[in-house]
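A.B. asks: Make the full structure from the sequences, and use the hints.
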Amino acid sequence: MSERKTTNVEVRLPSRMGFEKVAMSTAQAVAKLMGFPEDRIEDLKTAVAEACINAIEHGNRLNEKLSVGVVLAAGEDSLEVKVIDDGKGMHTQPAKPDIDRKMHGEEDARGMGMFLIQALVDEAEWVAGTGGKSSYVRLVIRLDKDA
Amino acid sequence: MQSETKSRVDQTTSPAGLPVTVLRFEGDIASTSKDAVLGTYQGLPKNSVKTVLLDFTKVDYINSSGIALVIQLLMEATNAGQKVVAFGLSAHFVKVFTMVGITKYAGLFPGQTEAMAAL
Numbered sequence: 001m002s003e004r005k006t007t008n009v010e011v012r013l014p015s016r017m018g019f020e021k022v023a024m025s026t027a028q029a030v031a032k033l034m035g036f037p038e039d040r041i042e043d044l045k046t047a048v049a050e051a052c053i054n055a056i057e058h059g060n061r062l063n064e065k066l067s068v069g070v071v072l073a074a075g076e077d078s079l080e081v082k083v084i085d086d087g088k089g090m091h092t093q094p095a096k097p098d099i100d101r102k103m104h105g106e107e108d109a110r111g112m113g114m115f116l117i118q119a120l121v122d123e124a125e126w127v128a129g130t131g132g133k134s135s136y137v138r139l140v141i142r143l144d145k146d147a
Numbered sequence: 001m002q003s004e005t006k007s008r009v010d011q012t013t014s015p016a017g018l019p020v021t022v023l024r025f026e027g028d029i030a031s032t033s034k035d036a037v038l039g040t041y042q043g044l045p046k047n048s049v050k051t052v053l054l055d056f057t058k059v060d061y062i063n064s065s066g067i068a069l070v071i072q073l074l075m076e077a078t079n080a081g082q083k084v085v086a087f088g089l090s091a092h093f094v095k096v097f098t099m100v101g102i103t104k105y106a107g108l109f110p111g112q113t114e115a116m117a118a119l
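Residue numbers (our numbering), protein chains in the order written: chain A, 1 to 147; chain B, 1 to 119.
To be clear, the hints were calculated from the coordinates, so they are not data collected in a lab. We treat Cβ as the ideally placed atom computed from N, Cα and C, and that holds for glycine. Hints are not guaranteed to be accurate.
[What the hints assert, rightly or not] Taking beta-carbon pairs under 8 Å as the criterion, some of the chain B residues facing chain A (in silico): (1) V96; (2) K104; (3) Y105.
C.D. replies: Structure (structure tokens):
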């Protein structure tokens with residue numbers, strides 16, 4: 001049985017808003033090398049941005065002494081991105097935003113990040129770390145969506 | 001590290017001859033964009049502005065916090081009885097705006113000409 005070969009790229013971001021763009025550019029570059037179409041790359045960029053923003057803002061609480069790890073694993077037909085922070089992790093599934101409730105002030109206009117992540121990639125998994133450390137979200141996009 | 005959001009207000013006239021206010025945004029729209037997005041909108045004279053166009057042609061990046069600001073703007077505009085349409089979003093952000101339901105409250109168009117024709 002032959003082993004599937006993966007190529008890994010790792011980035012470490014400061015926990016400062018704006019630096020999600022570094023992860024977005026890296027994910028874009030790797031996805032482009034793998035041959036993903038432009039629309040999937042844009043989906044991935046937004047999902048990675050939202051994951052990094054959550055890690056920076058909620059996981060690491062904007063503490064610049066902490067960093068966000070982004071690990072990209074490029075396989076033969078899929079790209080996995082893990083965004084790792086030092087928070088306790090997410091324990092609830094993202095709810096679909098209710099625009100009517102938001103427009104009537106009954107729901108916070110914010111809080112759509114997790115929903116967008118799940119909607120834009122083929123697979124999204126939130127894993128809580130042990131001892132309040134190294135929690136991560138794992139995103140996967142596939143070259144052949146039927147695989 | 002976010003690219004600062006620039007905004008400016010233009011006045012134009014619809015094909016039907018009605019005054020239209022255009023809010024043009026440039027750069028990133030994120031959590032730091034409250035003054036540029038909501039502040040600019042809130043500075044408009046509520047009584048005389050009936051139709052607002054949002055120009056996203058020069059916006060490079062919008063995250064969920066930026067989308068939340070757009071929703072807040074839409075909420076205030078709806079409460080003020082104003083009609084809002086938007087144009088200039090990339091195909092990707094048209095998809096994202098549609099996913100979160102914004103199209104229920106604001107039409108999205110490719111360019112200003114198409115947006116004005118819909119008024």
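A.B. asks: None of the hints should be skipped; say for each whether it holds.
C.D. replies: Okay, the hints, checked on the actual structure:
1. V96: holds, 7 Å
2. K104: Holds. Min distance 6 Å.
3. Y105: holds, 6 Å
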